[in-house]
Amino acid sequence: MPNMTHVSPWLQRPIRAALRGSALFFPEGERDEIAYAAWQACAAAASRGGFPALMRVTLGELADLLSVRLRDRAGLGPRVTAGGARPPLRRGWLMAIIEDFRRAIRRLRSNPSTLALSIGMLALAVGVTSAMFTVLDALVLHPVPFKDASRLASVMIAKEGGFSPFTAPPALRALQESGAFAAVEAAAQAPVTLEGTEGLATIGAARISPGLLAMLGVTPILGRSFVPDEGRAGSDDRMLISEQIWSAKFNRDPSIVGRRIRVSGVPTEIVGVLPADFRFPYANVRAWQPIDFFAPPPALARLAGRAMAYARLNPLVPVEDARRVAETSVRAAVSLPPEERVQLQPIHSGVDRYAGRAVTAMSVGVGLVFLVLCLNGMNLMLTRFSVRHREFGVCSALGASRSRLVREAVAETAIVATIAAALGLGLAAWLVKLALAYLPDTFTARTLTPVAINWRAIVATSVLAVLAAAIAGVAPAVMATRIDAAEALRSAARTGTDRRAQRRLSRALLVGEVALAAALLAGAAQLARTFVNLVRADRGLNAEGVITGWISLPRFAFADKDSRLSFASALEDRLSRLPGVQQLTLSGGMPPTGGTLYFSPVRADTPGAPELSPTINAFDVTPGFFELFGIPLVQGTTFATPSSPHDVILGQQLATMLFPGGAAVGHSFTIQGHDAPYRVIGVAREIRSPLLDPRLDSPELYHPLVVQQNGRAEPTAPLSGQFNIALRCGASCPAIDTISQAIRSLSAQVEVVSLGPMEEAYLKEIASPRAAAAVAAIFAIVALLTSAGGLFGVLTAAVARRRREFGVRVALGIAPRRLTALIVREAFGLAACGLGFGLVGAWMASRALASLTYGVSPADPLSWAAVFGTLALTTILAAWRPGAQAARVDPAELLRTE
Amino acid sequence: MPRTDAAPPRDPRSLLPLTPLAFHVMLALADESRHGYSIIREVDARTDGLIRLRSGTLYTLLQRLLAEDLIAESTDRPDPDEDDERRRYYAMTDLGQRVLAAETRRLEAAVSEARRKNVLKAKA
Numbered sequence: 001m002p003n004m005t006h007v008s009p010w011l012q013r014p015i016r017a018a019l020r021g022s023a024l025f026f027p028e029g030e031r032d033e034i035a036y037a038a039w040q041a042c043a044a045a046a047s048r049g050g051f052p053a054l055m056r057v058t059l060g061e062l063a064d065l066l067s068v069r070l071r072d073r074a075g076l077g078p079r080v081t082a083g084g085a086r087p088p089l090r091r092g093w094l095m096a097i098i099e100d101f102r103r104a105i106r107r108l109r110s111n112p113s114t115l116a117l118s119i120g121m122l123a124l125a126v127g128v129t130s131a132m133f134t135v136l137d138a139l140v141l142h143p144v145p146f147k148d149a150s151r152l153a154s155v156m157i158a159k160e161g162g163f164s165p166f167t168a169p170p171a172l173r174a175l176q177e178s179g180a181f182a183a184v185e186a187a188a189q190a191p192v193t194l195e196g197t198e199g200l201a202t203i204g205a206a207r208i209s210p211g212l213l214a215m216l217g218v219t220p221i222l223g224r225s226f227v228p229d230e231g232r233a234g235s236d237d238r239m240l241i242s243e244q245i246w247s248a249k250f251n252r253d254p255s256i257v258g259r260r261i262r263v264s265g266v267p268t269e270i271v272g273v274l275p276a277d278f279r280f281p282y283a284n285v286r287a288w289q290p291i292d293f294f295a296p297p298p299a300l301a302r303l304a305g306r307a308m309a310y311a312r313l314n315p316l317v318p319v320e321d322a323r324r325v326a327e328t329s330v331r332a333a334v335s336l337p338p339e340e341r342v343q344l345q346p347i348h349s350g351v352d353r354y355a356g357r358a359v360t361a362m363s364v365g366v367g368l369v370f371l372v373l374c375l376n377g378m379n380l381m382l383t384r385f386s387v388r389h390r391e392f393g394v395c396s397a398l399g400a401s402r403s404r405l406v407r408e409a410v411a412e413t414a415i416v417a418t419i420a421a422a423l424g425l426g427l428a429a430w431l432v433k434l435a436l437a438y439l440p441d442t443f444t445a446r447t448l449t450p451v452a453i454n455w456r457a458i459v460a461t462s463v464l465a466v467l468a469a470a471i472a473g474v475a476p477a478v479m480a481t482r483i484d485a486a487e488a489l490r491s492a493a494r495t496g497t498d499r500r501a502q503r504r505l506s507r508a509l510l511v512g513e514v515a516l517a518a519a520l521l522a523g524a525a526q527l528a529r530t531f532v533n534l535v536r537a538d539r540g541l542n543a544e545g546v547i548t549g550w551i552s553l554p555r556f557a558f559a560d561k562d563s564r565l566s567f568a569s570a571l572e573d574r575l576s577r578l579p580g581v582q583q584l585t586l587s588g589g590m591p592p593t594g595g596t597l598y599f600s601p602v603r604a605d606t607p608g609a610p611e612l613s614p615t616i617n618a619f620d621v622t623p624g625f626f627e628l629f630g631i632p633l634v635q636g637t638t639f640a641t642p643s644s645p646h647d648v649i650l651g652q653q654l655a656t657m658l659f660p661g662g663a664a665v666g667h668s669f670t671i672q673g674h675d676a677p678y679r680v681i682g683v684a685r686e687i688r689s690p691l692l693d694p695r696l697d698s699p700e701l702y703h704p705l706v707v708q709q710n711g712r713a714e715p716t717a718p719l720s721g722q723f724n725i726a727l728r729c730g731a732s733c734p735a736i737d738t739i740s741q742a743i744r745s746l747s748a749q750v751e752v753v754s755l756g757p758m759e760e761a762y763l764k765e766i767a768s769p770r771a772a773a774a775v776a777a778i779f780a781i782v783a784l785l786t787s788a789g790g791l792f793g794v795l796t797a798a799v800a801r802r803r804r805e806f807g808v809r810v811a812l813g814i815a816p817r818r819l820t821a822l823i824v825r826e827a828f829g830l831a832a833c834g835l836g837f838g839l840v841g842a843w844m845a846s847r848a849l850a851s852l853t854y855g856v857s858p859a860d861p862l863s864w865a866a867v868f869g870t871l872a873l874t875t876i877l878a879a880w881r882p883g884a885q886a887a888r889v890d891p892a893e894l895l896r897t898e
Numbered sequence: 001m002p003r004t005d006a007a008p009p010r011d012p013r014s015l016l017p018l019t020p021l022a023f024h025v026m027l028a029l030a031d032e033s034r035h036g037y038s039i040i041r042e043v044d045a046r047t048d049g050l051i052r053l054r055s056g057t058l059y060t061l062l063q064r065l066l067a068e069d070l071i072a073e074s075t076d077r078p079d080p081d082e083d084d085e086r087r088r089y090y091a092m093t094d095l096g097q098r099v100l101a102a103e104t105r106r107l108e109a110a111v112s113e114a115r116r117k118n119v120l121k122a123k124a
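Chain order of the listed sequences is A and B. Residue numbers for the first sequence follow the numbering used here, so the first one is 1 and each next one is one higher. Residue numbers for the second sequence follow the numbering used here, so the first one is 1 and each next one is one higher.
Isolated chain A (complex conformation) (with noise of 0.2 angstroms):
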């Protein structure tokens, strides 16, 4: 017996689980002693030369089992007795099918053009429904990617439908000692600015508890991960960075780990590096540092209460009785309002609301466009079928079957599946990437999964293909395969009923194709409309002639008030004297964008006053803000210079929440956790949001960005990290890498995170609903330029099978106009029929994006007068060539060919 030991366990494995593979294809009984000989051959090849020997031998096991039985079913397998005539070849199923699949090959290679369309179409099929799968799937089948992630949990500690998704230290800690989970960590996000040589550059960045990237099932691709006790004082200056950073900024470089870079003004040692589909615990974060939050650096203290905590449920306890756990042991441990509760929500993705909406939305719509480029597909079959109407019919007078001849059909349409949906994967990956450059980042990169072409979007787009190959191909075969021999051989020109069932069939996938157009027509058409209504909304504000951006000062750089303050009037007095700058002002927070959120609750003066829980919008401004931005104060006078700290201005929606009796102004209100009430002095108008999400649009509150503090005046929190700066310069504004340039030219320190007009910031907020509109377009241009194909198609081919009827008639004396007319109206009956069920569809459109619109109805006329327009238009041109055709059909060269 051959030694087992000469071959790694490792190689055995594979090995022998391949041989048993192969051996399938033997009789049952047999299949584990044959895979048993086979192995031992392959071992002692191994023992006598080793693994070459082991390659060779396996490879040839493994082939010889693999087509013996093949071989043997052709004849050519090993026989008894020498000589005398081979037997006959023994026409098993599996010979007939390569057979077919010969002929398929040899028939398709004669007609290359309409092949080249088939598979074209399909392809185009394939490709745009697995690109759109792709982007689903990111988005909204599978947003976190990580092990077992229906497992992970956010936890949260709030009141029912509260919002506050930070877990105070002692929370955290009777969390994880509750034994409810498997794991709790948790995360706190904190941007960090990198030095590099091109200067400072922000990244999203996070602190997190030394555990968590266990608990995600997430490992380096280079170093280490963080280990526990990482995080206190001392060794809170590790980092871990992603594999994009990695690229970007050290090209790669191996020896990054053990380095020691300046983080923030911090000399930091990045230990790893992360793969680059990992984003956690927010999309755009691309490094981690640790922190041990029961114990954090003196520096990071402010940190461990914004920790957002996460836990690993376990399998073998429900999930409810998890969450009591969890309670039961925090109200034990911190004293817990009774109406605040331990709250478990899926990890969120990222994606917002409307993202997912619109992604769902366009997956129908991808959905249908399938179907219609599917229907064109089984159109130009149906075509190519009945053009070999004879050929069926001498097939079948020489003795074909019907299932003969429907297989031969279905491995030409295999064939042409295969192909399209090779080439259809190509065009996914290639949309793809066409996708990431030009949908706004609400679409592609806030989402915690990467939008790529993985395993999944490769089974979809196969399983796309043969479903596209079934509706496209098998229907057809059928249907032409449907023959009569002795009708088809006495006249191929003939109308037979069968081909004037497959005309009609034609036709009725022809209308089905306009009114899937229509559909998507009237869909693209909201949404477009949407966009439009959206750019012009009341936003309360003027945002026109205005430049806003955002600047960060760097702690490190700037560390005493002082300091800010000072930047912060050079700053003033450097920008105002740039040419064209009428009006300028700094602040913390900005419409579109927003201020800080709050959403502790807040209280008014007035005798029993509810308590009310809005999420508030709160800037901090300087007196000439609201003059700017062209907000009018509807109550009181805006700030002093400086301000109390006190003093506040509301948007009149606060106002009205809190004081719905009248004048606000006078009035004080107290936010829970701020130390003192505060006095409101005035009111301005609401500022609106224009998205789609009206849980966004939050009302405003705003504080003096310079308060008379300590007898002194101070800027307050926001000067001190990220603020904002406006300009109002109306038509002749400076160029935005002038202002770029004046504000670096202050300080080598100061970072300009971002600068430019501000409609642009309000175009960056509607992108998603303008990409939506946009994708909407393009679907509804390849539904409708499809469609007016097919139109022409089944056209073009009515003049040819009509050729004789109009020579006759021309030939009476018809005006050749009048033919012209009868095939424009044969096209306009069967627009009209497809628009008839389409307005259906479009209807149940409209409905169905009723949630993605803004100022649109469903009946809205210029949206239907453009589906209408475009459709009738659409027609016209595809009745063009084949009407002139009709025009000009010659009787007596017609005489001469009959």
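Misleading hints may appear alongside valid ones.
Claimed, not checked - Computed footprint of chain A on chain B, listed as stretches where at least three residues anywhere in the stretch have a Cβ under 8 angstroms from a Cβ of chain A:
(1) 35-41
(2) 48-58
(3) 63-71
(4) 86-97
(5) 107-118
As the list claims (entries may be wrong) - From chain B, some residues computed to sit far from chain A (all C-beta separations above 12 angstroms):
(6) D31
(7) E32
(8) T75
(9) A101
Don't read these hints as lab results, they were simulated from the structure. We treat Cβ as the ideally placed atom computed from N, Cα and C, and that holds for glycine.
Please build the complex by placing chain B on the supplied structure of chain A, with the hints as guidance.
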């Protein structure tokens, strides 16, 4: 003596000539019953590596030989220490012995004829 087989005995010559593969496999089984891999080794050794049987081919051929009644499954098994339950052992039937003998005689006649024509004196 009671008749156990209703079919008339087959003429061994009806199966001649054997293919080289069939001949060598039967030759390997001529003196003792063997399992599949043992046949492969025996043929390989006797033909000096000229005929290397692959498992798939061997088992397809064994099916043919079984169908022609030239070999049969054998219940004689070696000691359990040297055995493996996955193996099946094959042995020659009477018909197989007679066919092999007939084939060997045919080859012998052919070799004699070759000797008579001094073929062996020619350089190989």
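In terms of beta carbon proximity below 8 angstroms, does the stretch 63-71 of chain B have 3 or more residues touching chain A? holds (count 4)
Taking the closest pair, is the beta carbon of B:A101 still more than 12 angstroms from chain A? The claim stands: B:A101 keeps its Cβ more than 12 angstroms from every Cβ of chain A (closest is about 16 angstroms).
Confirm or reject the coverage of the stretch 86-97 of chain B by chain A under the rule of 3 or more residues with a beta carbon closer than 8 angstroms to the chain's beta carbons. holds (count 3)
Given as non-interface: B:E32, which should sit over 12 angstroms from chain A by C-beta: Correct as stated: the minimum Cβ-Cβ distance to chain A is 17 angstroms, above 12 angstroms.
Non-interface label on B:D31, tested against every C-beta of chain A at 12 angstroms: Holds: least Cβ distance 20 angstroms, greater than 12 angstroms.
Check of the stretch 48-58 of chain B against chain A for coverage (Cβ-Cβ below 8 angstroms, three residues minimum): holds (count 5)
According to a criterion of three or more residues whose C-beta lies within less than 8 angstroms of a C-beta of chain A, is the stretch 35-41 of chain B covered? Per the Cβ count (5), the hint holds.
How about the stretch 107-118 of chain B: do at least three of its residues have a C-beta closer than 8 angstroms to a C-beta of chain A? With 0 residues close enough to chain A, the hint is violated.
Non-interface claim for B:T75 versus chain A (Cβ beyond 12 angstroms): Holds, since 15 angstroms exceeds 12 angstroms.
Taken one by one, the earlier hints fail for this structure only at number 5.
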